[in-house]
Amino acid sequence: NAGVTQTPKFQVLKTGQSMTLQCAQDMNHNSMYWYRQDPGMGLRLIYYSASEGTTDKGEVPNGYNVSRLNKREFSLRLESAAPSQTSVYFCASSVGGVRELFFGEGSRLTVL
Amino acid sequence: QKEVEQDPGPLSVPEGAIVSLNCTYSNSAFQYFMWYRQYSRKGPELLMYTYSSGNKEDGRFTAQVDKSSKYISLFIRDSQPSDSATYLCAMSALGGSEKLVFGKGMKLTVNP
Chain A
1 NAGVTQTPKF QVLKTGQSMT LQCAQDMNHN SMYWYRQDPG MGLRLIYYSA SEGTTDKGEV
61 PNGYNVSRLN KREFSLRLES AAPSQTSVYF CASSVGGVRE LFFGEGSRLT VL
Chain B
1 QKEVEQDPGP LSVPEGAIVS LNCTYSNSAF QYFMWYRQYS RKGPELLMYT YSSGNKEDGR
61 FTAQVDKSSK YISLFIRDSQ PSDSATYLCA MSALGGSEKL VFGKGMKLTV NP
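Keeping their order, the protein sequence lines are chains A and B. Last residue of the first sequence: 112 in the working numbering, with the numbers rising by one and none dropped. Last residue of the second sequence: 112 in the working numbering, with the numbers rising by one and none dropped.
In case anyone wonders, no lab produced these hints; they're calculated from the structure. For clarity, every value in this text was computed on a predicted model and none was experimentally measured. Don't take every hint at face value.
[Said to hold, decoys possible] Derived DSBU-like pairs (lysine-lysine); straight-line CA-CA distance at most 35 Å:
| no. | chain 1 | residue 1 | chain 2 | residue 2 |
| --- | --- | --- | --- | --- |
| 1 | A | 14 | B | 107 |
| 2 | B | 42 | A | 57 |
| 3 | B | 56 | A | 57 |
| 4 | A | 14 | B | 56 |
Looking at chain A on its own, in the form it has when it is part of the complex (with noise of 0.2 Å):
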């Protein structure tokens, strides 16, 4: 059972470049989430799914875009990417209100 999966694990990008880390989940959950966790920052929203069809804006959504391709599929697109988008990117899933979140094991971005 491989719960959320997150692919790129690691990327090193380039000021400007563009990318995109793409999470799947198997477990037919209905929201679906992207955070960013930064040394002395802890866990920040960036976007979520509550549902198949929606996204909305977390608390740093600045500089990223989002698709929620399907009920399973969740990206987050970086468009130009910048040194402060420097980060450990979580991807995670729940059934749907206060409940349990289950996180991928993350996607380390280095951006020069």
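Since the structure of chain A is provided, determine the placement of chain B on it from the hints.
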């Protein structure tokens, strides 16, 4: 004042010690309180979940919520080296998981 405050530590204890981890919060509307555990280079996983006030026990772990003091605690009895991880508190008012506010996390090391 931040909504959720958590001492980031680090905290180092000998095996078998009782560990107390704490968070304070400012939003009196918070009703759902969680503790997540995050091993190094992994995603967070839910450890304990409490609704409203009171205590909840699960094996060696006890979660306490004191809403009058806006203070939550996680106690670990007979701590083990396998408990070495970062512990994040999270809380939410009545609403969806997108409203979760995380503490910054406390890094715990249990020495054999």
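CA of residue 14/A to CA of residue 56/B, is that 35 Å or under? violated, 48 Å
Would you mind confirming whether the straight-line C-alpha gap from residue 42/B to residue 57/A stays at or under 35 Å? holds, 25 Å
Checking one constraint from the list: CA of residue 14/A to CA of residue 107/B, max 35 Å. Satisfied?
This hinted pair holds, its Cα atoms lying about 31 Å apart.
Do the alpha carbons of residue 56/B and residue 57/A lie within 35 Å of each other, as the hint requires? Distance of about 33 Å is within 35 Å: holds.
Going down the numbered hints, you'll see the structure goes against just number 4.
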